[in-house]
Each structure stands twice: as structure tokens, then as C-alpha cells.
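Colleague: Put together the whole structure using the sequences plus the hints.
So the sequence shown is numbered by numbering that gives the first Met the number 0: it starts at 0 and just counts up by one.
Since the hints were derived computationally from the structure, they do not count as laboratory data.
Glycine is no exception: its CB is placed at the ideal position from the N, C-alpha and C atoms.
Each hint should be verified, as a subset may be incorrect.
[Said to hold, decoys possible] If you anchor each label on the Cβ, the simulated ranges turn out as follows: (1) 108 - 87: 17 to 23 Å; (2) 55 - 104: 14 to 20 Å; (3) 56 - 77: 15 to 21 Å.
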Amino acid sequence: MTDLDTLIRRAWPVLREAIRMGRTVTYTELAGRAGPPLNRRHLHRQLLIPLSARCRRAGLPDLASLVVRKDTGQPGGGWHAMDPAAGPDPDRAWAEALERCLAFEWPREVPPALLGESP
Numbered sequence: 000m001t002d003l004d005t006l007i008r009r010a011w012p013v014l015r016e017a018i019r020m021g022r023t024v025t026y027t028e029l030a031g032r033a034g035p036p037l038n039r040r041h042l043h044r045q046l047l048i049p050l051s052a053r054c055r056r057a058g059l060p061d062l063a064s065l066v067v068r069k070d071t072g073q074p075g076g077g078w079h080a081m082d083p084a085a086g087p088d089p090d091r092a093w094a095e096a097l098e099r100c101l102a103f104e105w106p107r108e109v110p111p112a113l114l115g116e117s118p
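Modeller: Shown next, in the form of C-alpha cells:
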């Protein structure tokens, strides 16, 4: 099994490109470009939940907010379930999280705070 740090490193160029272009990325695109063992059906569990937890712990914008469904252009229900700040308006919470993520000055390389022991 591939460890989380390796998955984050492989996903980082895809996420950073999306940020640079000011766009979201689909589950399918992220899984396809980051490669196995990631796949769109398990991407949330394999990468996005633990990545989101690491972002929160490090005080960084939630990178998982960049990842959306192809058919709706919005995150799957799992994103709202893992965001403790979603409150009564989950669509607004997601839009705000996405805005913070796109506005943040992300470094070229994976921030060290996102690497380390799995949550």
C-alpha cells in the first residue's frame, strides 16, 4: 500500500496546477493524473479525508475543496461531511473554502506541514 505522504506528493502537481489556473479538478482527473493506487471511487478515503485533516491541523486552506464531481462541478457529499464548519449552508461553506484555497500563496513544493505521520 502506498503511504499518504507519497500520495500527497503525487497529487501535489495536479492540485498546484489547478490553483495556478484558478480552477477545480475532478475526482477522475486527480486520480488519473496522480496514478494508482488512487482511483476516483476511493480517492476521498485514500487521499482527501486525511489531506483535509492535515490542512486543518496546519492552519492551511482545505486542498480537498478543489476536487469536484464531473457532473455537478461541486464536491461529493463526503466533503461536506468532513468539514466541521459547513454549518447550515454547505454550498456556501464549500465556496468559501474553495476561495480561500485559490487565494492562498501555495509554495512550489508540498508544504512540509502536510507531510508526516498519517492522521
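Colleague: Determine for every hint whether it applies to the structure shown.
Modeller: Verification of the supplied hints:
About 38 Å separates the C-beta atoms of residue 108 and residue 87, a value inconsistent with the hinted range of 17 to 23 Å. Under the hint 14 to 20 Å, the C-beta atoms of residue 55 and residue 104, about 18 Å apart, fit the expected range. Range check, residue 56 to residue 77: Cβ separation about 19 Å, and the 15 to 21 Å hint holds.
Of the numbered hints stated above, the single one contradicted by the structure is hint 1.
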